[in-house]
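J.: Sequence:
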Amino acid sequence: RRYSCTFAGCTKQFKRHEHLKRHFRTHTGERPYKCPAPDCGKVFARMDNLNQHVRTH
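If you're matching positions, the sequence shown starts at 1 in UniProt numbering and goes up one per residue.
Be aware that a few hints might be false.
[What the hints assert, rightly or not] Just the calculated beta-carbon pair ranges, DEER-fashion:
#1 51 to 5: 23 to 29 Å
#2 41 to 2: 33 to 39 Å
#3 15 to 55: 27 to 33 Å
#4 8 to 53: 29 to 35 Å
#5 31 to 57: 16 to 22 Å
#6 7 to 52: 25 to 31 Å
#7 31 to 5: 14 to 20 Å
#8 1 to 56: 34 to 40 Å
#9 13 to 49: 20 to 26 Å
#10 36 to 2: 19 to 25 Å
#11 54 to 27: 22 to 28 Å
#12 11 to 38: 38 to 44 Å
#13 27 to 51: 22 to 28 Å
Simulated from the structure, these hints should not be mistaken for lab results.
Quick caveat: nothing in here was measured; it's all calculated off a predicted structure.
Note that CB positions come from ideal geometry on N, CA and C, so glycine has one too.
Using the sequences plus the hints, can you model the full thing?
T.: Here you go:
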């Protein structure tokens with residue numbers, strides 16, 4: 001089964017529903033993952049990007 005993006009003009013498809021949900025944030029701008037470091041303030045749409053960033057502190 002394929003999960004298709006329903007955003008206007010987007011033709012992306014995914015094999016996993018969670019990948020579609022992650023992709024949809026590229027359209028909405030949602031960034032729910034915030035860096036816990038004091039005074040950093042960076043936010044990310046993907047947990048793996050946050051984890052990679054945290055290693056820079």
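J.: Check the following: the C-beta atoms of residue 27 and residue 51 are separated by a distance inside 22 to 28 Å.
T.: holds (23 Å)
J.: The hint says 27 to 33 Å between residue 15 and residue 55; measuring C-beta to C-beta, is that right?
T.: Given range 27 to 33 Å: holds, Cβ gap about 29 Å.
J.: Evaluate the given range 20 to 26 Å for the C-beta pair formed by residue 13 and residue 49.
T.: holds (22 Å)
J.: Within 16 to 22 Å or not, the Cβ separation of residue 31 and residue 57?
T.: Once the Cβ atoms are compared, 18 Å apart, the range 16 to 22 Å for residue 57 and residue 31 holds.
J.: Look at the Cβ atoms of residue 36 and residue 2 and judge whether their distance stays inside 19 to 25 Å.
T.: Between residue 36 and residue 2, where Cβ atoms are some 36 Å apart, the hint is violated.
J.: State, for the Cβ atoms of residue 41 and residue 2, whether the hinted interval 33 to 39 Å holds or is violated.
T.: holds (37 Å)
J.: If I claimed the Cβ atoms of residue 8 and residue 53 lie 29 to 35 Å apart, would that claim hold in this structure?
T.: holds (31 Å)
J.: Tell me if the beta carbons of residue 1 and residue 56 are separated by a distance inside 34 to 40 Å.
T.: For residue 1 and residue 56 the Cβ distance comes to about 38 Å; the hint holds.
J.: Starting from the range 25 to 31 Å, see whether the pair residue 7 and residue 52 falls in it by beta-carbon distance.
T.: holds (26 Å)
J.: Note whether the CB distance of residue 11 and residue 38 lies within 38 to 44 Å or breaks it.
T.: holds (42 Å)
J.: Taking the CB of residue 54 and the CB of residue 27, does the distance hold inside 22 to 28 Å?
T.: Holds, since residue 54 and residue 27 (Cβ atoms, about 26 Å apart) stay within the stated range.
J.: Does 23 to 29 Å hold as the CB distance between residue 51 and residue 5, or does it fail?
T.: holds (25 Å)
In this structure, only the earlier hint numbered 10 is contradicted, and the remaining ones agree with it.
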